[in-house]
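Protein chains: 2
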Amino acid sequence: MSDSAVQELPGRPIGVAVLGMGNVGTEVVRILIENADDIRARVGAPVELRGVAVRDTARERPGIHPALLTGDAEALVARDDVDLVVELVGGIEPPRTLIRAALEAGKSVITANKALMAAYSGELSEAAARNRVDLYFEAAVAGAIPVIRPLTQSLAGDSVNRVAGIVNGTTNYILSEMAETGADYADVLAEAGRLGYAEADPTADVEGYDAAAKAAILASIAFHSRVTADDVYREGITAITADDLEAAKKFDCTVKLLAICERLNDGGAERISARVYPALIPLEHPLAAVNGAFNAVVVESENAGRLMFYGQGAGGAPTAAAVMGDLVMAARNRVYSGRGPLESTYASLPIAPIDDVPTRYYVSMRVADRPGVLAQISGAFAERGVSISAMRQEGAGEDARLIIVTHRASDRAQSETVAGLEEMDSVIEVSSVLRLEGTDD
Amino acid sequence: MSDSAVQELPGRPIGVAVLGMGNVGTEVVRILIENADDIRARVGAPVELRGVAVRDTARERPGIHPALLTGDAEALVARDDVDLVVELVGGIEPPRTLIRAALEAGKSVITANKALMAAYSGELSEAAARNRVDLYFEAAVAGAIPVIRPLTQSLAGDSVNRVAGIVNGTTNYILSEMAETGADYADVLAEAGRLGYAEADPTADVEGYDAAAKAAILASIAFHSRVTADDVYREGITAITADDLEAAKKFDCTVKLLAICERLNDGGAERISARVYPALIPLEHPLAAVNGAFNAVVVESENAGRLMFYGQGAGGAPTAAAVMGDLVMAARNRVYSGRGPLESTYASLPIAPIDDVPTRYYVSMRVADRPGVLAQISGAFAERGVSISAMRQEGAGEDARLIIVTHRASDRAQSETVAGLEEMDSVIEVSSVLRLEGTDD
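Chains A and B supply the protein sequences, listed in that same order.
First residue of the first sequence: 3, per the working numbering; consecutive thereafter.
First residue of the second sequence: 3, per the working numbering; consecutive thereafter.
So that you can see chain A by itself, here it is in the shape it has in the complex (with noise of 0.2 Å):
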């Protein structure tokens, strides 16, 4: 009898294992007892949760039977009638060793875990072909936004350009706060931290690792390369202040934190990019409208253009929406003996390094209110091959700020112009430098 004969067999249950039960790991446990019927019909076998593993098992926990509780995640894992694992613990170790484990033991795997799939996604995805099974981690990138399986399967035919998008629900809630009320930073990020939208320890969130990390995840698969975190250039939101956001409105533009991977059109060999950074965007641009804790992805490709998709980017249930699609999936996949596509990175295309990157140049700085400053400060500009788009004069005397934006250009030109900038007698201090873009030109 050939493999595929015995697994189609209807109605043998599909066991699955949940790692960890925090907001994501309670909301799946919930809708697996809630939604069994469904689940079982969409598979076609029924959906069994055979553990939880959890940190403290002594803790009440509403919703699940205390027997299914166990501190021992090894040992669930390696159960036989375990046939999915749900990793939500986070973090690398123990999931990659617990993964790799389940894996190999032939089982399939879905995870949330954005920083471990930006950073070993190679490893485990080997493991999963190698084993036949399935890595599903639609959760890791923007919560309950279908955005992994739209870029690995409905755009499979098709060449993506470019990526952009508003990943990281906490620094859009602090930018979009500022936006709006014209707050400081530090104050919106206290009232964040209050209202439960930013971590004790935000520095996940405002220093972008974690948009980095989905920066990594979206190049790899938009491009059919290796990215890991560590190719993502990154800046965080930490020193946006007030004035850059009342600024960027004199210029029809808002500022977010953005996830950019883009494909490299310069004339070599193709090379792609990958970074993150507080960005100013026109009004007009589809991300601009994204506010508050909501994500956002726009996605640009040969033949299908531009497309958005939005959504909610964290919370338990609606990452929990995510994963448990995955889990349907690759349940199905069981009974009807398929496979969903894994890592792709056939294409092994080159990161290009920030300097390389052709970007616009945001640029904020007290002058010196004197004839001949602004001739001084332009030629700054031309002198690097930037050209200036727009400039803006505001205050005298004392107070006196200049703001330019420029043209697209090396990012190294521009940030060495800023540089050149900053030894300049006529100016005082460089206040601010940002990104522009969102721009056609």
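Think of the hints as simulated: they come from the structure by calculation, not from any bench.
Treat the hints with caution; some may be incorrect.
Treat identical chains as interchangeable: a pair holds within one or across any two.
Heads up, simulated SDA-like pairs for lysine to any residue below, C-alpha to C-alpha not over 25 Å straight-line [said to hold, decoys possible]:
1) Lys251 - Ala291
2) Lys251 - Gly397
3) Lys251 - Met393
4) Lys252 - Met393
5) Lys252 - Leu51
6) Lys252 - Glu272
7) Lys251 - Ala392
8) Lys251 - Glu286
9) Lys252 - Glu286
Once you've looked at the hints, dock chain B against the given chain A.
Then chain B, alone, in the frame of chain A:
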């Protein structure tokens, strides 16, 4: 040797037959040839074009070798070296017979044919299931925008409550232009024809038949129930006037042709509604900003919350991108002996008639300008249990006009109220009746 072992031999080429070489077919053929290397890497085997069935084989078609053209679609589908059939002919016959023949011969099928899928998805899915092959139709709804795959796969573990979309580019172009320019329907339709946005016979678009077919497909997959185009309540946009768009603005609304698929929770057994009509929607609703030939679909589901998918809903290359995504996945399934989900109708939810659906109405009427008229008219609403949310009186004397927006009530109560108004002496004419969607109350 098992079946799956045979199919997994790497490298066996996958043969493709394309039926129809209009805008979309031409682009599919171009992409198949231009992107052959990428497609081979993504599928795990070369994908080779075996032939293209066209009505007129004599016509010169740049970009394709004449030997690949054939007038005999049936013979092309039957060829032993054809594994996948891409149907881009449109209409019910001959596609229905050709697709059935392909499926029965064990070939997977990709189609962009919304009319066919909205009428015969049942028999075609059954044939695909029986023969263990794929039947994909992402391109049938909303062109390039991934909607079918997110609904059937990404949300496979969730419960969809509502799908509302702008899924017809022609009518959206017309309504957007009317809103922007204040021009009349007939003038904008003529202009749309000149620009190629409307067909010589625009009936299928402007009367809502195209949107109704898409609504049927969306409702089927969202609610795991069989819904055909005949089940969809339908009104077109031919009666929309410049006055309606002007009045909509006064209520901070615009008018869009919406396809709405909804789960009704009206106390008793669960039912669903699928309907297409022009409706007022608030300007702040995400669909209000979708203009021109663009499409967008908003999905509201139990755990994922509100998601929006936005992009190009028509055109050769965008629609071809959706076809190619399906094609690569179907080809990949050949290589890895997997299968995607087919029609799922286990829920078999009954369809509620429009009379039972809770709706809100916008009613514009010319009324007699005399005391007591307002009381009489409000009475007509109250009598049928319809409460009024907003009222606006304009003009005087012969031109006295009254606009009423109601709260939610059964569509029967709303439409009976309108019928009652038409009988009243004080109502000279009910000039316009539209529904209001996208509000919470």
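How the hints compare with the structure:
For the homomeric pair Lys251 and Ala291, the shortest alpha-carbon distances inside one copy (13 Å) and between copies (21 Å) are both at most 25 Å. Proximity of Lys251 and Gly397 under a CA criterion of 25 Å is satisfied intra-copy only: 17 Å inside one chain copy versus 40 Å between copies. Only within a single protomer do Lys251 and Met393 lie at most 25 Å apart by alpha-carbon distance; the minimum there is 14 Å, versus 37 Å between protomers. For the homomeric pair Lys252 and Met393, the shortest alpha-carbon distance inside one copy (11 Å) is at most 25 Å, but the shortest distance between copies (39 Å) is not.
In this assembly of identical chains, the alpha carbons of Lys252 and Leu51 never lie at most 25 Å apart, being 55 Å within a copy and 54 Å across copies at closest. For the identical chains of this complex, Lys252 and Glu272 are neighbours neither inside a copy (37 Å) nor across copies (52 Å), given an alpha-carbon limit of 25 Å. Taking the shortest alpha-carbon separations for Lys251 and Ala392, only the intra-copy value of 14 Å comes in at or below 25 Å, while the best inter-copy value is 35 Å. In this assembly of identical chains, Lys251 and Glu286 lie within 25 Å of each other by CA distance both inside one copy and across copies; the values are 12 Å within and 20 Å between.
In this assembly of identical chains, Lys252 and Glu286 lie within 25 Å of each other by CA distance both inside one copy and across copies; the values are 14 Å within and 23 Å between.
Hint violations for this structure: numbers 5 and 6, all remaining hints satisfied.
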